[in-house]
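S.K.: Going line by line, the protein sequences match chains V and Y. Residue numbers for the first sequence follow numbering that gives the first Met the number 0, so the first one is 0 and each next one is one higher. Residue numbers for the second sequence follow numbering that gives the first Met the number 0, so the first one is 0 and each next one is one higher.
Source of the hints: derived by calculation from the structure; they are not laboratory data. Do not rely on the hints blindly, as some may be mistaken.
Within a straight-line C-alpha distance of at most 20 Å, the following computed DMTMM-like cross-link-like pairs (lysine to aspartate or glutamate) qualify [what the hints assert, rightly or not]: (1) K77/Y x E44/V; (2) K66/Y x D174/Y; (3) K226/Y x D29/V; (4) K226/Y x E107/V; (5) K45/V x E76/V; (6) K229/Y x E39/V; (7) K233/Y x D29/V; (8) K233/Y x E265/Y; (9) K66/Y x E44/V; (10) K45/V x D22/V.
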Amino acid sequence: MENTYYNPADLAKFGNIAEFSPDLAKKFFDYYGDVFKEGELSVREKSLIALAVAHAIQCPYCIDAYTTDGLEKGASEGQMMEAIHVAAAIRGGASLVHGVQMMNKVKEITM
Amino acid sequence: MKSLKRQEHKFSDSFIQLEVLQAARPGGGKFERFEDKLDTIGLFPLRPTQLEIFQVNVGKMCNQTCKHCHVDAGPDRKEIMTRETMQQCLEALDKADVAGFPVKTIDLTGGAPEMNPHFRWFVQELHKRGKHVIVRCNLTIILANPKYHDLPQFFKAHGVEVVSSLPHFSARRTDAQRGDGVFEKSIKALQMLNAAGYGQEGSGLQLHLVYNPAGAFLPGAQVSLEKEFKQQLKRQFNIDFNSLFVITNLPISRFLDYLVQSGNYEGYMEKLVNSFNPAAAANVMCRNTISVGWDGQLYDCDFNQMLDLTVVGAPRHIKDFDVAQLNQRDIVLNQHCYGCTAGAGSSCGGQTA
Chain V
0 MENTYYNPAD
10 LAKFGNIAEF
20 SPDLAKKFFD
30 YYGDVFKEGE
40 LSVREKSLIA
50 LAVAHAIQCP
60 YCIDAYTTDG
70 LEKGASEGQM
80 MEAIHVAAAI
90 RGGASLVHGV
100 QMMNKVKEIT
110 M
Chain Y
0 MKSLKRQEHK
10 FSDSFIQLEV
20 LQAARPGGGK
30 FERFEDKLDT
40 IGLFPLRPTQ
50 LEIFQVNVGK
60 MCNQTCKHCH
70 VDAGPDRKEI
80 MTRETMQQCL
90 EALDKADVAG
100 FPVKTIDLTG
110 GAPEMNPHFR
120 WFVQELHKRG
130 KHVIVRCNLT
140 IILANPKYHD
150 LPQFFKAHGV
160 EVVSSLPHFS
170 ARRTDAQRGD
180 GVFEKSIKAL
190 QMLNAAGYGQ
200 EGSGLQLHLV
210 YNPAGAFLPG
220 AQVSLEKEFK
230 QQLKRQFNID
240 FNSLFVITNL
250 PISRFLDYLV
260 QSGNYEGYME
270 KLVNSFNPAA
280 AANVMCRNTI
290 SVGWDGQLYD
300 CDFNQMLDLT
310 VVGAPRHIKD
320 FDVAQLNQRD
330 IVLNQHCYGC
340 TAGAGSSCGG
350 QTA
C-alpha cells in the first residue's frame, strides 16, 4: 500500500476501476460523459458546478481535474472562486439552518 | 520584458530547444517519436495535400512581448523582411499562378506585421493580384502610434481578413499573457474595427479572434468557447466578431521556457502525446501551407521556422520557389508537432478535427 491515501498519479488511473467491474464502470463512464456534454447548461457552467461540488465533498482528485477543466472551458479565476463560495455558502447555511431545530428544542424544554 | 535573444537565453538557440524536446524523461524512457506515431496511422512520411496558403513572416519586430510567443518577438527584434524579398514573394506567387497551382491566400504575420515599413505596399500588391490577404493583427498596434490609427480603414480598402489574438474576455487572463494594459487597448481596437464594419453582419469584412490558453493547459472546444466569447464581449463591450480560432500553444521558444521554468513541461508534453488525434493529424496546416521567413527562407510552418527547420526536398529560398517540388516534399517533423495533433487539433485557422 501507498503510505498516503491520495496520490496525484491515481487520477489518471480512474478508468482502471473497470478492472474489477467492467459493466458497471462502462455504465458509469457513459453516463458521466453524457452529463458533461453541452446541453441546456454550457460545458463551462457544468464545469463550474463540478468544481463547486468538488469543494463541497472535498475531493482532491476532482479539484485538480475541474480546475484544469474550468481553465480549458474558458472559466475565469473570478468565476471559479465564486463557484467555490457558492459551495461554501450552502455548506455553511446547511449547518446554520439546523440552528432552527436547536432553537425549537430549546424552546420546547425550557421555561 | 526582453526577448530571449536579447537576454542571450539558452532557448534563443533552436538546437537547444530541440534537445529539450527529444530528451529522456526524468523517470526514464522518452516520449514516442512523433514520426513513429504518424507511421502507426499510415501518415508517415507526411506529404502535402496541395499548396493553398502562403504564410509570410514579415519580421520579428513587435510592440508587445507576450509570454507565450513562439516567435520570441518584441520591440528589441530587428529582423525585418526587405522589399526585395517581398518582391520575390510576389514573383513566386505569379510563378505558381502560371504553373496552374495558384496560391489563393496570403497570411501575413510577424511580430506585428504592420511595423514592417513596406507592409502597406505589400498588401496593395497582393490585393492587385486578387489574392485573399489575412493579417495577424495584435490589435494594440492600431493604438500604438497615430500613424497606425487608420489601419482599420486600410484593411477595409484592401478586403483584408483580420485575425487577432485575445486570449480571454477577462483583463486579468489577457494581461497575464500579453502584458499589462493590453486587454484595455485590445478592446478599444476591436471597437475601432467594428466601427469600420469589421465583424458586422453583411459587411463581408471578416474579423476573427484567436484564443490560446494562458498557461499549461489545452484549449476547450472551439464551438463552446466561441459562444462564450461572443456573449461576454457583446454584453460587456458591445463587440462583434465572426469566429473564434482556438489554438494550442506549442512547446517552443518562450512558451517552452515558461513550461520548463514553472515545472509544467513534463505534464504538458504528456498531455499533448496522450491526446494525439489521428483525425487532427490528417488535417495539419503544413499540408496546405508554406511558411516564408523574414529573410526569404522556406519552412513547412511558422513553428518549424522558429526552430530553423527549413523545407527538405525542394529549394529552400523564395527566390528559387518551385511549387511542383514543394508539393512533392516530405514535411519536416519533430516532437513539437504533437501540439497540432492534440485533442481537436490546432492550426492558424483553429481546430482541425
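S.K.: Compare the structure with each hint and give your call.
M.R.: Hints, verified against the model:
1. Under the criterion of a C-alpha separation no larger than 20 Å, the hint pairing K77/Y with E44/V is inconsistent with the structure, at around 45 Å.
2. Using a Cα cut-off of 20 Å, the hinted pair K66/Y and D174/Y holds, with the two alpha carbons roughly 10 Å apart.
3. Under the criterion of a C-alpha separation no larger than 20 Å, the hint pairing K226/Y with D29/V is inconsistent with the structure, at around 26 Å.
4. For a cut-off of 20 Å, the pair hint linking K226/Y to E107/V is broken: about 56 Å separates their Cα positions.
5. A hinted pair counts as satisfied when its Cα atoms are at most 20 Å apart, and K45/V with E76/V qualifies at roughly 16 Å.
6. Distance restraint check for K229/Y and E39/V: the Cα-Cα separation of roughly 17 Å lies within the 20 Å cut-off, and the hinted pair is therefore satisfied.
7. Among the hinted pairs, K233/Y with D29/V is inconsistent with the structure: their alpha-carbon atoms are about 36 Å apart, more than 20 Å.
8. At most 20 Å may separate the alpha-carbon atoms for a hinted pair to count; K233/Y and E265/Y exceed this at roughly 38 Å.
9. Between K66/Y and E44/V the alpha-carbon distance is near 29 Å, which puts this suggested pair outside the 20 Å criterion.
10. Between the alpha carbons of K45/V and D22/V the distance comes to roughly 26 Å, so the proposed pair goes past 20 Å and is violated.
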